[in-house]
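Chemist: Listed below, chain by chain, are the residues.
Protein chains: 2
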Amino acid sequence: MLLASSLAKAEDGYRLWLRYDLIENANLRTEYASALNAIVLERESDVLKAAAYELSLALNGLTGITPKINKFLSGAGTVVLGTPESSPIIASLNLSEKLSQLGAEGYCLFSTTIKGKKSIVIAANKDAGVLYGTFHLIRLLQTSQSVKNLSQQHTPKIQHRILNHWDNLDRTVERGYAGFSLWDWHKLPDYIDPRYRDYARANASIGINGSVLTNVNSNAQILTEPYLRKVAALANVFRPYGIKVYLTARFSAPVEIGGLSTADPLDPAVKEWWKKKIDEIYTYVPDFGGFAVKANSEGQPGPQNYNRTHADGANLLADALAPHNGIVMWRAFVYDNKVPEDRAKQAYNEFKPLDGKFRENVMVQVKNGPIDFQPREPFHPLFGAMPQTPINIEFQITQEYLGFATHLVYLAPLFKECLNADTYAKGKGSFVYKVVDGSLDNHQLTGIAGVANIGNDRNWCGHPFAQANWFAFGRLAWDPTLNSETIADEWIRMTFSQEPEVVKSLKSVMLASREITVNYMTPLGLHHIMGWDHHYGPGPWIKDKPRADWTSVYYHKADSFGIGFDRTKNGSGALDQYAPEVQKQYSTLESCPEELLLWFHHVSWDHKMNSGRTLWEELCHRYYQGADSVKWMQKLWNALEGKIDPDRFVQVKSLLNIQHNEALLWRNSCVLYFQTFSGKEIPAGLDPPDKPLSYYEKLQFPFAPGIRPKW
Amino acid sequence: MLLASSLAKAEDGYRLWLRYDLIENANLRTEYASALNAIVLERESDVLKAAAYELSLALNGLTGITPKINKFLSGAGTVVLGTPESSPIIASLNLSEKLSQLGAEGYCLFSTTIKGKKSIVIAANKDAGVLYGTFHLIRLLQTSQSVKNLSQQHTPKIQHRILNHWDNLDRTVERGYAGFSLWDWHKLPDYIDPRYRDYARANASIGINGSVLTNVNSNAQILTEPYLRKVAALANVFRPYGIKVYLTARFSAPVEIGGLSTADPLDPAVKEWWKKKIDEIYTYVPDFGGFAVKANSEGQPGPQNYNRTHADGANLLADALAPHNGIVMWRAFVYDNKVPEDRAKQAYNEFKPLDGKFRENVMVQVKNGPIDFQPREPFHPLFGAMPQTPINIEFQITQEYLGFATHLVYLAPLFKECLNADTYAKGKGSFVYKVVDGSLDNHQLTGIAGVANIGNDRNWCGHPFAQANWFAFGRLAWDPTLNSETIADEWIRMTFSQEPEVVKSLKSVMLASREITVNYMTPLGLHHIMGWDHHYGPGPWIKDKPRADWTSVYYHKADSFGIGFDRTKNGSGALDQYAPEVQKQYSTLESCPEELLLWFHHVSWDHKMNSGRTLWEELCHRYYQGADSVKWMQKLWNALEGKIDPDRFVQVKSLLNIQHNEALLWRNSCVLYFQTFSGKEIPAGLDPPDKPLSYYEKLQFPFAPGIRPKW
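Chains as they are written, first to last, in the working numbering: chain A, 1 to 711; chain B, 1 to 711.
Just chain A, same shape as in the assembly (with noise of 0.2 Å):
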């Protein structure tokens, strides 16, 4: 009876890893029940209302019974939330050595006994705090904790945790797999959809208190306005739950909108354009965030077409954000209309020289890897390069070149493997999450940014196992030094299931899956070789269009002798822009990890690899590897039925049927490929592909998902 089941209590995905079902478990549910029986809230805010209504909500699903709301504490298993401010309770409690190590973000969360009364206190300086402590608690509810006597506190390491949409206007969405955009802004500001609340709710959850709304490539109507208006609607739903909104300032807006014959940064009409606008701005959301800005890069506007620096252009924003407490997150994504020898070098040669000249609520804005979001790059570096400059970094949570929608790929090793490397900047252990969270350059001001995979699909991400990605980047955003594993195993059990065998089974396919997608799509250190400006499926083909770093031949360089891209000093140098102690690693072939080896090097086919295959043999092998452990997880995920719901089960099976299909293509695309230029057999032990190359390069996808708008 799946058709019956399926609609009356569909999981529909919709409620992320908030799902607040009632807990199988009689006794856990009895002592839940027992504890927390009541919340008490003396004073309230916005941001205190919304805690105690989701505590409210999560007991009332998980419990089946709704804890009352009290103003005064009048029993035992009461949880009290509050501030030393708004509560006088918790005022009483001697808190204030314990808060002040806590920051406006931080919590205490413990048992205790208050007038006799065992008691659950969630305290903390600012609201948000009180927020997150909530959310603590519900996720340990969610995942059958004990609450019996808790003694936790925690605080955010990074300030400013930040999604990024890269949503336009029109609702379309630049590389969004999950739909379209969640913005109606036809509709804003006077519908309010209950997404949008939801969004914020689930952020919340996450520790996430910031959104982009608007992509990087911009549209400076955002700022006009009835846009403003509209923006300020979302930041109205979203501030009970400590998001700030953030805009794109597309950079040449003064002309487009304002009326100006210019946007030279150093102009002065130019200036008191920016100063009135964002003044303009903060009357409609006081608590504006500010801008990211992409300039220069990709045909963006930006201040080299006045012959200005980026530091230029970041400080005429930070100037007129500076009174209101704004910052601007200045992309170093950029390249200019030159084609680089190597593209891998130019954030590094265009920023490095400028470390020092931005505003102090300036972040230059970095991506994990010198080129693009690829399923494994080395982490960029600038990490530890600009010292004077607080960096923060920018991860893409939508799976770009990891499969749409449709691969199961959980990120958090890739973005773990991204925080924990060594920079060496400051000597062994500068690692990139201590450039940072600022510890490493003393930064105060920090940041972490996350290209969002959300869209208006019914379960937000297109796939259920997207979601993951998501939550995990907002609990490494709040902790980066959480682990992959530990994120993996409360997002399960917050989000399909407690049951041991499940719990181990969903764990091990998605700890292994990015490693699996790396040897299907760009084993060894390969990278930017997808299917052309829709970047689906494979196209180490790609040749000939009108930059040759928009091409796959320039960065995989195959030919008879080899392939990879020498970046030591004998080819293009980028390694140059890395420490000392990091050239050593990776300049010789010896030293250089093979996950990287086609990165930093140009190889022989015949090279000998740690297997004793050669690279050839190597190549072949991971691709074939990366496939067949596709059929892995598939594996793992059927035995899983009835253990699962129906839908989410059908759904997931289908999907990973889509990636075993195209883990095939991918891997009989590159192997065919790469045959022309090795000239050898594919090894004995691997079934050859059925179809010649040329029936994968003919294949098209007109209307693959997320392609840039042109406007």
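Simulated from the structure, these hints should not be mistaken for lab results. Hints are not guaranteed to be accurate.
Said to hold, decoys possible - Derived BS3-like pairs: lysine-lysine, alpha-carbon spacing no greater than 25 Å straight-line:
(1) Lys-98/B to Lys-117/B
(2) Lys-416/A to Lys-345/A
(3) Lys-698/A to Lys-545/A
(4) Lys-115/A to Lys-148/A
(5) Lys-49/B to Lys-126/B
(6) Lys-276/B to Lys-698/A
(7) Lys-698/B to Lys-504/B
(8) Lys-643/A to Lys-631/A
(9) Lys-698/B to Lys-276/A
(10) Lys-653/A to Lys-49/B
(11) Lys-277/A to Lys-698/B
(12) Lys-49/A to Lys-653/B
(13) Lys-71/A to Lys-115/A
(14) Lys-504/A to Lys-416/A
(15) Lys-698/A to Lys-643/B
(16) Lys-507/B to Lys-543/B
(17) Lys-643/B to Lys-631/B
(18) Lys-428/A to Lys-345/A
Here the structure of chain A is known, so what remains is to put chain B in place on it, guided by the hints.
Modeler: Chain B alone, transformed into the frame defined by chain A:
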């Protein structure tokens, strides 16, 4: 606790009118549970299984008890489903006379005693009829009707009841205001979104039996092999619900995807290409319905590009479809490159001479009115004018000219106004619906098309009340003689509430809503004065565009003397296209109903109207009355707080607020603009607009949804 309730049991609108919540009246619940405690399905088919499962789902939700689905009759209180072929029980009931009147899709639904056991029988000649009968029974349960002495039989009056989706392959929807296309082409055919089945269920529940998946402004890619596989996947989901898929055929496809140098319909290679292509389609979709075609209209290619007629074009496709029992719906909405003196005349001029020239499996698809889905139009002069040709009517369910998805406008009265119009083609009583149902000219091939208002919004249609228009279209397609009030009553009870006060209030709002909208948009026969391109909001000032008949001034012809389009013999003569009796009614100022006065006449500002007011005064009064009436709608709605679930209550309240603001926008824009011609004061008692005309003229809506994509 709005927040809590909205997430726990959110009325998100996804279930449409198929809401199977527990019936509150315990007596009724017991009656139903006892009368319907088991389902007998003797032999299975996909359609019969769908029927049985749906009934089981409904009974489970409504009564709390899941009925067994048995192969044998075992006790009283059983529903027996089937055809004489599939059910020995039904074969034994001597229904052949009854069934002989029911055709392929009709059904009978009756109470009886079988082997001494009280039973309910749903019998039909074909499985589809059983499915429709099942949904009929469910509707009875949802609307609290007795199932004690059932004795009904129903047959659809129109053969092809079809939704037309103007959905593009990139998932944008032309004139779509409910998000984006349901069809996720990228993930098809391997991923089957659960919505596809729910879409089919909703359609089957109201008798819709066909779906044109793609935009009439078509892309030939849909006819290529990868897309046909995707189409087949959708067809497979729809088939158990009695729904055939249709596509749009781009006339130039033989050139664009076939490699031919011409698409001339008389060219043997072109004929051969279509024959092969259509044979190919049937290998993927054995019950493929056929094509809807827009040719030689608004820049679309067509037979006239080769100096052939529309009949030549339609017959080309019809001949290739005929062996497979496929049909062609050839749209009469055409206009050529020369701007006509009156576009209202063009379809008639081009098609009337072709009567009798079309193959037997061609219908000419005619919009309800001669211009384009305006808030009010007279019926199209082609109805009754082509007796030798099956004419299927095309309505627009999506509210392109009726406030997008933010205005509550119940369209059944608009549909009925046209269906009940008397063409006098064969004397008095030659109603449009008799043309459409084939009875007037004795056609077997009949059809009705509705341009869908469905998108991927969580609630499918954007506005909760827009769902009523989908519902009403289906119900009227099944039986065009049903009245608007009955349909509204059913829908309200199934969708919102059965409480008498709620039903009464909502019904009065719904039934008045279309006339209210006419008043604040286009009273007295005005038409086509909306905003340029996006068609959002008022634009009576639109002029100087590439074609005169794309402007507003072409249609309203306001000048210092008066306003309106003279379509009498003194003017464009469009009225001559109607039967003499119709001409007589519309040809004089005295006999022409005021609601169409300015459609047919250019009338002096000082003309005395029935109200005793001058035309100018009446026009102003209508605009003000329209806007004021939205306030009345708001008042009625707001009085229902607490009687409507909080989610939808707040949603509709917000939407009515938008509707009121936009009604004021229409009113103020039009009154101020037409005042520049009349030179008269706004009548006493009506508050003049608070902003000047220039304010309204300058408003820009750069990202209004639903615009045709520029490929």
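Chemist: For the pair supplied as a hint, Lys-643/B and Lys-631/B, confirm whether the alpha-carbon distance does not exceed 25 Å.
Modeler: 20 Å, holds
Chemist: Can the restraint linking Lys-698/A and Lys-643/B be considered satisfied, given a maximum Cα separation of 25 Å?
Modeler: 59 Å, violated
Chemist: Take the C-alpha atoms of Lys-276/B and Lys-698/A, compute the straight-line distance between them, and say whether it is at most 25 Å.
Modeler: Holds. Lys-276/B to Lys-698/A sits at ~22 Å (cutoff 25 Å).
Chemist: Is the straight-line distance between the alpha-carbon of Lys-49/A and that of Lys-653/B 25 Å or less?
Modeler: Holds, at about 24 Å.
Chemist: Under the criterion that the straight-line Cα-Cα distance not exceed 25 Å, is the pair Lys-507/B, Lys-543/B satisfied?
Modeler: 39 Å, violated
Chemist: Given the proposed pairing of Lys-643/A with Lys-631/A, does the C-alpha separation stay at or below 25 Å?
Modeler: 20 Å, holds
Chemist: Are the Cα atoms of Lys-49/B and Lys-126/B separated by 25 Å or less?
Modeler: 13 Å, holds
Chemist: Between Lys-71/A and Lys-115/A, is the straight-line Cα distance small enough, at 25 Å or below?
Modeler: This hinted pair holds, its Cα atoms lying about 15 Å apart.
Chemist: Does the alpha-carbon distance linking Lys-698/B and Lys-276/A stay inside the 25 Å limit?
Modeler: 22 Å, holds
Chemist: With a cut-off of 25 Å on the C-alpha distance, tell me whether Lys-428/A and Lys-345/A pass.
Modeler: 23 Å, holds
Chemist: Decide if the proposed pair is consistent with the structure: Lys-504/A and Lys-416/A, CA atoms, cutoff 25 Å inclusive.
Modeler: 21 Å, holds
Chemist: Given the hint that Lys-98/B pairs with Lys-117/B, does the C-alpha gap stay at or below 25 Å?
Modeler: 22 Å, holds
Hints 7, 15 and 16 from the list above are not met by this structure, while the remaining hints are.
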